[in-house]
Amino acid sequence: MKDKIAKVKTWPKDIDPTLSSHSNDKYVLRLYLTGSTCRSVLALKNLEQICEEYLEGRYELEVIDLYQNPSLAKGDQIIAAPTLIKKLPLPFRRIIGDMSNKEKVLLGLDLRDIHK
Amino acid sequence: MKKIEHEIIKRQLPKSATGIQGFDEITGGGLPKGRPILVCGGAGCGKTLFAIEFLVRGATEFNEPGVFMSFEETNDELIANVISLGFDLEDLIKRKKLVLDHVHIERSEIEETGEYDLEALFIRLGYAIDSIGAKRVVLDTIESLFAGLPNQLILRAELRRLFRWLKDKGVTAIITGERGDSKLTRQGLEEYVSDCVIMLDHRVNEQTSTRRLRIVKYRGSIHGTNEYPFLIDENGFSVLPVTSLGLKHVVSNERVSSGITALDNMLEGKGYYRGSTILVSGTAGVGKTSIAAHFAEAACKRGERVLYFCFEESPNQMIRNMLSIGIELEKWVKKGLLQFHATRPTLYGLEMHLAVTHKAVNAFKPDIVILDPINTFVISDKEVEIKAMLMRIVDFLKASQITALFTSLTSSESSLESSEAGISSLIDTWILLRDIELSGERNRGMYVLKSRGMANSNQIREFLLTDHGVELREAYIGLEGVLTGSARIAQEAKESAELLIRKRDIERKKREIEQKRNALEAQISALHFEFESEESEAIKMIEIEQDQIKRLKKDKVQMAESRHVNSDFIDNINLKKKNNL
Chain A
1 MKDKIAKVKT
11 WPKDIDPTLS
21 SHSNDKYVLR
31 LYLTGSTCRS
41 VLALKNLEQI
51 CEEYLEGRYE
61 LEVIDLYQNP
71 SLAKGDQIIA
81 APTLIKKLPL
91 PFRRIIGDMS
101 NKEKVLLGLD
111 LRDIHK
Chain B
1001 MKKIEHEIIK
1011 RQLPKSATGI
1021 QGFDEITGGG
1031 LPKGRPILVC
1041 GGAGCGKTLF
1051 AIEFLVRGAT
1061 EFNEPGVFMS
1071 FEETNDELIA
1081 NVISLGFDLE
1091 DLIKRKKLVL
1101 DHVHIERSEI
1111 EETGEYDLEA
1121 LFIRLGYAID
1131 SIGAKRVVLD
1141 TIESLFAGLP
1151 NQLILRAELR
1161 RLFRWLKDKG
1171 VTAIITGERG
1181 DSKLTRQGLE
1191 EYVSDCVIML
1201 DHRVNEQTST
1211 RRLRIVKYRG
1221 SIHGTNEYPF
1231 LIDENGFSVL
1241 PVTSLGLKHV
1251 VSNERVSSGI
1261 TALDNMLEGK
1271 GYYRGSTILV
1281 SGTAGVGKTS
1291 IAAHFAEAAC
1301 KRGERVLYFC
1311 FEESPNQMIR
1321 NMLSIGIELE
1331 KWVKKGLLQF
1341 HATRPTLYGL
1351 EMHLAVTHKA
1361 VNAFKPDIVI
1371 LDPINTFVIS
1381 DKEVEIKAML
1391 MRIVDFLKAS
1401 QITALFTSLT
1411 SSESSLESSE
1421 AGISSLIDTW
1431 ILLRDIELSG
1441 ERNRGMYVLK
1451 SRGMANSNQI
1461 REFLLTDHGV
1471 ELREAYIGLE
1481 GVLTGSARIA
1491 QEAKESAELL
1501 IRKRDIERKK
1511 REIEQKRNAL
1521 EAQISALHFE
1531 FESEESEAIK
1541 MIEIEQDQIK
1551 RLKKDKVQMA
1561 ESRHVNSDFI
1571 DNINLKKKNN
1581 L
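Which chain is which? The protein sequence lines are A and B, in order.
Each residue of the first sequence is one higher than the last, beginning at 1 in this note's numbering.
Each residue of the second sequence is one higher than the last, beginning at 1001 in this note's numbering.
Simulated from the structure, these hints should not be mistaken for lab results.
By construction, the Cβ of each residue, glycine as well, lies at the ideal position given by its N, Cα and C atoms.
Hints may contain errors.
As the list claims (entries may be wrong) - Going by beta-carbon spacing under 7 Å, a handful of chain B positions derived as facing chain A:
1) E1111
2) E1115
3) I1123
4) R1124
5) I1460
6) L1464
7) T1466
8) D1467
9) H1468
10) G1469
11) E1471
Claimed, not checked - List time: in silico DMTMM-like cross-link candidates among lysine to aspartate or glutamate, alpha-carbon distance up to 25 Å:
12) B:K1450 / B:D1467
13) A:K87 / B:E1191
14) A:K45 / B:E1073
15) A:K74 / B:E1112
16) A:K74 / A:E53
17) A:K104 / B:D1130
18) A:K74 / B:E1191
19) A:K86 / B:D1101
20) A:K87 / A:D25
21) B:K1096 / B:E1111
22) A:K87 / B:D1101
23) A:K102 / B:E1115
24) A:K86 / B:E1191
25) A:K86 / B:E1111
26) A:K86 / B:D1130
27) A:K74 / B:D1130
28) A:K102 / B:D1076
29) A:K87 / B:D1130
30) A:K74 / B:E1109
31) A:K104 / B:E1111
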């Protein structure tokens, strides 16, 4: 990775942190659910499992029930439920679905390299 | 009658008036209340505008707040785009009459990790609806979801649920959809929204484009099935209910002068009927526009309003040209009684012209409308369409009691009358101008081909353009046909010469008789004189004779006295003589 950067002369510096490994970054996550449907419960369970496994101690997860806070859906551009939003580290990502496909969740969280 | 109408309305499907000009007329009251409506059409055909106007009119005119959920344009873009149409969305948002919600979906940000639904969208929409008590909803264009979310199966199931949910919510919802290749919409939305489908179309024909609207489907309601042209201009969306509303227009017995006294005389001396349709047709340069200008001027003098559509000349050119025959139009323009509306026929399609005419007439409220000339449309469209368009214009103007004058150029090759067959049946009064070529001259002739409901002159008049307007002369009609111009003048001279000779003849004869009478009288007096002299001679002779008789008697007595014979003796002698006998 470092060799590559050395070869490209005009590499913008602010991209650097996003490309580097997130092994030490703190994760800010927000999960939007719609009540306690089985899909919501499944999503929450799956997510917690993944977080505990890969991001232990360095993640912050906020769970929002849209039925109770409907106005929040507009602000974060939520249309599907459940939706997980990865606010930090950049880039911004939304992960929709019940998180049963672990591969894809890790891809969305930029954690695939570590997994390998 | 009113009661019956009222009952019909009662039995109809509840409708939500759109407030869009003309649209409520063709749908019998608007869109179906509390149901989803699909508005589909190609790019740039006005779907979003239709939807926006539905919301804005609802909020401002019918006190029905609305939610606009946009999947394409951002709120700021939307506000900026429609402000030119006079829609102040920001103000409506402030007054809690409107909610704009831009749904942004970025494919690259999304990672699908399993089963999901669009419940969040429902919550979001439901929250927006409840926050202002919205009665109207627009989803523009929901098909963008298909680009953002890869799982079509979920999406289709969720859309079906969404439309069901909207119905249950009791909101009147417009869903816009891009037109597909073989289907009404690209994603087959018509499958889900089946109560009312409206199709917008933007067609280019012979390089001119026309926007059209058609109601494909409207469950539970009668509706116009035709394609209606519509217009997007500074006042928003307007659909033209152009099909004839039936031939029920009120007719007037009032007459309006044509501005040409001699022409009025040909039409019972009174002119055209108010609210009738007049066609002035003829070959090039016969003075069609002059007749129209006369009519316009006369109307302005009466204080009426005239709307003049010129399709070939600019207003300034028109004013200048008419000044040369003594018609001053400029002062009427300044007074605001005369308005020119100059456009090229090729500028837009027929329907658009119709729409523009409608709008201009509704805005200016004229008593008289002049279209000069109508046949320039032929260049851009087919004859059938022109007829349909003119019929619509005629119907519209008649219904508004507006007198209409059309001019039409006929090519000299085809028959003057047959070429107008397309529209002749729509016309009440038809004045035909023709040029008459004779003895190296070209002159203008005019006659009234038909005039419904009045005894019109059947004569061909010679039509002269002078510096003080149009003049009509009695044309000479003789054995050789109609004579005009110098031929007419020559003929007139010939006639007057003949008349002179005849007059002289008569005078001569009169003189002869007089002479004869004089001679006769002289003879009579001579005879009379002769007789008188003879008479006096005779009287004299008689007197002389009588004198002689008297004298003889005297002489006898004297003789007897001298012979001393008394009378007795004589008597005795006489007696003896008697006895002897």
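- [ ] Sort out which numbered hints this structure fails and list those numbers smallest first.
- [x] Per hint list: 5, 6, 7, 8, 9, 10, 11, 12, 13, 14, 16, 17, 18, 21, 24, 26, 28, 29 violated.
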